[in-house]
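> The chain contents come next:
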Amino acid sequence: MYQYDEYDQAMVDARVAEFADQVRRRLAGEITEDQFKPLRLMNGLYLQLHAYMLRVAVPYGTLSSRQMRMLAHIARKYDRDYGHFTTRQNLQYNWIKLEDAPAILADLASVEMHAIQTSGNCIRNISSDQWASAAADEITDPRPWAELLRQWSSFHPEFSYLPRKFKIAVIAAEEDRAAMRLHDIGIQIVEKDGQHGAAVYVGGGMGRTPMIAPLIKDFVPLEDLLSYLEACLRVYNRYGRRDNIYKARIKILIHELGADEYRRQVEEEFVHVKSLGIDPPRAEFDRIAALFAPPALDVSAPDEIDRGDPDFAVWVDSQVAAHKVPGHAIVNISLKPVGGIPGDASSAQIDLMADLAETYSHDELRVTHAQNIVLPHVRKADLYAIWQQLDAAGLATPNLDLISDIIACPGLDYCSLANARSIPVAQKIATRFADLDRQKELGELKLKISGCINACGHHHAGHIGILGVDRKGTENYQLLLGGSGAEDVSLGTITGPGFDEDGVVDAIERVTDKYLAERTEGERFVDTFRRVGMAPFKEAIYG
Amino acid sequence: MVEHLHSDGEEPCVTLDAFLSQSNATAVRLEPDEDARALIPYLDRLKLIEVAFPKFRDGRGYSSARILREAGYAGELRAQGDVLVDQIAYMKRCGFDSFAPEKPLNPADVEAALTRWPDHYQTAADKAVPIWKLRHG
Ligand code: HEM
Ligand code: SF4
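Chains as they are written, first to last, in my numbering: chain A, 1 to 543; chain B, 1 to 137.
This list has only true hints and no planted wrong ones.
Listed next, the in silico DSS-like pairs over lysine-lysine satisfying Cα-Cα at most 27 Å (straight line):
(1) K380(A) with K440(A)
(2) K55(B) with K165(A)
(3) K37(A) with K55(B)
(4) K127(B) with K47(B)
(5) K274(A) with K127(B)
(6) K472(A) with K428(A)
(7) K103(B) with K37(A)
(8) K133(B) with K274(A)
So the derived label-pair ranges between C-beta atoms look like this:
(9) H136(B) with G29(A): 41 to 47 Å
(10) R282(A) with A100(B): 38 to 44 Å
(11) A71(B) with D5(A): 32 to 38 Å
(12) E6(A) with P104(B): 33 to 39 Å
(13) R135(B) with D355(A): 30 to 36 Å
(14) K47(B) with L291(A): 44 to 50 Å
(15) D500(A) with K55(B): 39 to 45 Å
(16) L276(A) with T15(B): 26 to 32 Å
(17) G137(B) with E30(A): 38 to 44 Å
If you're looking for bench data, these hints aren't it; they were derived computationally from the structure. Positions of the beta carbon are idealized from the N, C-alpha and C atoms, including for glycine.
Let the hints inform the model, and build the full structure from the sequences given.
Next comes the structure, spelled out in structure tokens:
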């Protein structure tokens, strides 16, 4: 994986020093909260309902064991002994003291980590495919591209006060595991005439006006990528709306201009920007790519798995995915135990996952946008030992992509913008469907919950989505069906009037019963929904 | 370094509209929603372009500044308005060489902000050599 050189380290160290100084000036009353707010936000520090929340960047979701252990250490020392893995492949701490923030950032910097640009109206942490370099279906590792963009976007002097936040995702496989087209810019690495380049989608997003990004350019060669993106951002920085925070994302600009007119403006700007010489030479990409060289895996490692232990076999069938190298596998660790808080992990669990990565997965871990953890490079022969240790730590729930593998935002338990709680609803649904055979009978079913219209829990992209709203002062939940954040990307549709907390769980049960009655052989829930439409489900829910 | 924190006794800036209709002014003020490229035909006779930052959160002026420098403007480029010490380093990278903040800045803080970053990842409108070039010569 990527390793800092002296330049990268110096940048992060300078940022720690800068923020320590800003915190000092704030605590001394030299700057107001209004002036401090954008500064702390650019360092990932939010003021929440009960405390400060710190969002740590995990670039493209990749961590070493040493970095993972540092996350556990911080949780233990400065928080309440746990961390929360988020849909942006990041980690959040919910109970941070402002005075401690500089020390935490210094601890992070000591393991090549930071919280830079994890919030604020700037280019945020870049997300990617959690199976990068291991997935059988990728054409190349997307992360060198993402790292190139991380460096370009870090402390970008022109694009740090954009109209609104800006999120970029990079993938390199046909299967989209990163909700690529629901980002402000989604990049898919594709091949043309033997060269890799970027297909650039611009203007996707969730929030209150969800949109799927249109294709703006089908192939941008590596040599032009930064110039092209600089042009995309400059048009947005100049013409994106600043009069209304809800209309400030790039998706609104593109919606109002039309994709063709936006493309025309970008192409015009690109011709100019390309003349400035801002694109690094291929040698820089090659330097980065060399650091992402795949680990030396033994191609003669045994390919069979001893499935003698039935519980282990259930876990293998659910959590293990195909690796591109024979004899190896990708392990998906569920952070969704029945009744637990989706994405939360204790310090001890984080340490254990770090140990497993060090012993069995060439020192690497990944965070997924579905709030789970991945060990990307595991020998099949080691799966049983890994499972035993995960099981002992409460990390062996076999529910990947099943109805209880729920994405949920922090909601009203933590978030100052929330209308409703998300976590208790997730817990109730997981408990209602706790029977694993029943979950498996329902098959792939992605359920996503947001506690308000901002859509941090991706509810628009859920096969089943839940949106918390405020109805005359009480928490109310709307139900959406038919969304997807994968390569079959689509936005969910609201079923009708909302429900209270128990009502929404009942409604989901009626939806899944209807699906079982309607489906044809091998059809997933979302496929049935697309085939039969909303009417039968509406009928089942509301009678 | 900051050349002037503010200057006195100079020709007052005219608005962009006034400038475009009255040909002899040498100082012009650009509001965030005004197109910096409208000035490109006149850059060689402009001595001062003042870019307004009514709110520090409004980042359009950063693009205006780069566009002007990229077009070869060599005169004074001033950031005026809600200009805070924490934005000054980015402003300088985008080509500003003078600052007229509404609220006075502490010179020591300005000095610290402008010398904090050892290097920079990207090419911008200043003379800084980007890190990728330092790596590869
Ligand atoms: C708890 C404090 C949080 C606050 C105050 C917050 C705030 C917001 C706001 C205001 C938006 C809407 C942006 C827009 O439509 O322009 C948003 C969207 C989003 N947030 Fe959060 N958020 C929080 C937590 C989280 C967490 C924990 C995650 C990750 C699990 C997250 C991930 C996202 C995502 C994925 C979106 C949708 C992106 C899009 O609109 O394109 N947020 N957030
Ligand atoms: S969706 Fe709403 S409630 Fe949930 S974290 Fe985002 S802002 Fe908070």
